[in-house]
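J.: Listed below, chain by chain, are the residues.
Protein chains: 2
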Amino acid sequence: MTDPRIGIIHERMKEITKIIAVSSGKGGVGKSMVASTLALILARKGCKVGLFDLDFTSPSTHVVLGVGGIRPKEEKGIVPPEVLGLKYMSITYYSGDLAAPLRGTDVSNALIELLSITIWGKLDYLILDMPPGIGDVTLDLIRLLPNTRFLIVTTSSQLAFETVKKFVGLLEEMKMPVIGVVENMKMNNSDDIHLQADKLGLKFLAVIPYDAEVESAIGDAEKLLGTALANGVKKIALEIMVRN
Amino acid sequence: MTDPRIGIIHERMKEITKIIAVSSGKGGVGKSMVASTLALILARKGCKVGLFDLDFTSPSTHVVLGVGGIRPKEEKGIVPPEVLGLKYMSITYYSGDLAAPLRGTDVSNALIELLSITIWGKLDYLILDMPPGIGDVTLDLIRLLPNTRFLIVTTSSQLAFETVKKFVGLLEEMKMPVIGVVENMKMNNSDDIHLQADKLGLKFLAVIPYDAEVESAIGDAEKLLGTALANGVKKIALEIMVRN
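Chains as they are written, first to last, in this note's numbering: chain A, 1 to 244; chain B, 1 to 244.
Be aware that a few hints might be false.
Where chains are identical, the list cannot tell them apart; a pair therefore holds if satisfied intra-copy or between any two copies.
Stated by the list, open to error - Simulated crosslink set (DMTMM-like; lysine to aspartate or glutamate; CA at most 25 Å straight-line):
#1 K14 to E222
#2 K186 to D211
#3 K73 to D192
#4 K186 to E213
#5 K234 to D191
#6 K165 to E215
#7 K14 to E113
#8 K186 to D220
#9 K165 to D97
#10 K234 to D198
#11 K48 to D124
#12 K203 to E74
#13 K234 to D140
#14 K175 to E215
#15 K18 to E173
No lab work stands behind these hints, which were simulated from the structure alone.
One chain only, chain A, in its complex shape (with noise of 0.2 Å):
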């Protein structure tokens, strides 16, 4: 039997232009870090920006963005609360501080539950920032969300590239739009992840160096917008605007 919901989520979901899935594959490649900065920077940039966290897992943007405290409104359904100039949405609003040890049939509920009852309204772009692994959430989103497009982060790191390449080769099986790949994090002066992205038909959108100033402007969004991911991740806004 067809749940009920999943016809309700294409109403909702019918004022958004764009949805962007910040992903991988890999985890702790800085997913949380890239999709909080550029749903900040399209929203400067005068854009109808929504931010929503299916890491449900271990949510962190809003760890990132500092935002605590907040609560979305009940109105047929539940608004998400407006924080920094964007929608923001996250389980921690149900699961607080405490664990959500989820099994994947629980994840693949939450997901279409908080499709189904979250007004996000007119939006230019809703920003996902997705779990690691290749479960249930990517293919739930592939399902209900197919016009969802992937925004791919990797380091430099061999390990993390290997399972990229697996997570992109199922996003084109799956006839999935791949908006292109971020290296993040990088520490070295190689070249090998552009060449390989280009060898993969990938489109090399920016490098991001490391910069030990991020991890002191987790929870600040205005130290944030200052540092040198921020100068990465504004390539990344204007590559979206202009051609996504």
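Given the coordinates of chain A, assemble chain B onto it according to the supplied hints.
T.: Using the frame of chain A, we list chain B on its own:
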């Protein structure tokens, strides 16, 4: 109805003295590097060691160890091949280099299947390389192998440690033993993570400084054993052999 394979798992694992899950909750903190190196070091110290990669959707210990072209033998179950002095088991024997996009239920099923058919024989230590997130593998492991001890890997980043805290909270709630915490890829001089670990009542086992040499040692076990990573992991191996 109870899955009949679950009864077999206990039988299959009965000659294993200690099961150690190298875990974090967070991705990209170096779990696979620590798990692989720990298994190698314990084996070099004369222990009988197994290494089982449980990151089914993005396995990487086979890349770290540089093992390829090996296959388990089948004889009333499957016998993990012995490489570099370890009995080594990975889903890549079956999935190859393709992505394994698995829903949580498939992950559970793969875990139960592999645990019930793998003939480890007598082992002093079975090292488990855990996936990121707090999902099916963690919950199943706690249910199926309740004598598992958890070794926690974090980086110095507050974003990583926030997830680690949640993960450790879950383990405590489930009354699962935690060996201690390792701070990996450290690039600062702060003792903040050490202090926070103390505060949580966690044994702080080792600091592993960031070492650019580790990247070039991926796939080369001998080179790996000469890195700063291996030096840190030796302390953990000693702690495990003496106390656990």
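J.: So, for every hint listed, does it hold in this structure?
T.: Now for the hints, and whether the structure bears them out:
Taking the shortest alpha-carbon separations for K14 and E222, neither the intra-copy value of 32 Å nor the inter-copy value of 56 Å comes in at or below 25 Å. Taking the shortest Cα distances, K186 and D211 sit within 25 Å of each other both inside one copy (9 Å) and across copies (14 Å). In the homo-oligomer, the alpha carbons of K73 and D192 never lie at most 25 Å apart, since the shortest distance is 47 Å inside one protomer and 37 Å across protomers. When the C-alpha separation of K186 and E213 is checked against a cutoff of 25 Å, the pair qualifies both within a copy, at 14 Å, and between copies, at 15 Å.
In the homo-oligomer, the alpha carbons of K234 and D191 lie at most 25 Å apart inside one protomer (21 Å), although the nearest pairing across protomers, at 33 Å, exceeds that limit. Taking CA atoms no more than 25 Å apart as the test, K165 paired with E215 passes between copies only; the shortest distance there is 18 Å, against 28 Å inside one copy. For the homomeric pair K14 and E113, the shortest alpha-carbon distance inside one copy (17 Å) is at most 25 Å, but the shortest distance between copies (42 Å) is not. Taking the shortest Cα distances, K186 and D220 sit within 25 Å of each other both inside one copy (22 Å) and across copies (22 Å).
Within a single copy, K165 and D97 get their C-alpha atoms only as close as 33 Å, which misses the 25 Å cut-off; across copies the closest is 10 Å, which meets it. Taking CA atoms no more than 25 Å apart as the test, K234 paired with D198 passes inside one copy only; the shortest distance there is 21 Å, against 39 Å between copies. For a Cα distance limit of 25 Å, the shortest separation of K48 from D124 inside one copy, 5 Å, qualifies, whereas the shortest one across copies, 58 Å, does not. In this homomeric assembly, K203 and E74 never come within 25 Å of each other (Cα to Cα): the closest approach is 41 Å inside a single copy and 44 Å across copies.
Neither within a single protomer nor between protomers do K234 and D140 lie at most 25 Å apart by alpha-carbon distance, with minima of 29 Å and 42 Å respectively. In this homomeric assembly, K175 and E215 never come within 25 Å of each other (Cα to Cα): the closest approach is 36 Å inside a single copy and 33 Å across copies. Only within a single protomer do K18 and E173 lie at most 25 Å apart by alpha-carbon distance; the minimum there is 21 Å, versus 41 Å between protomers.
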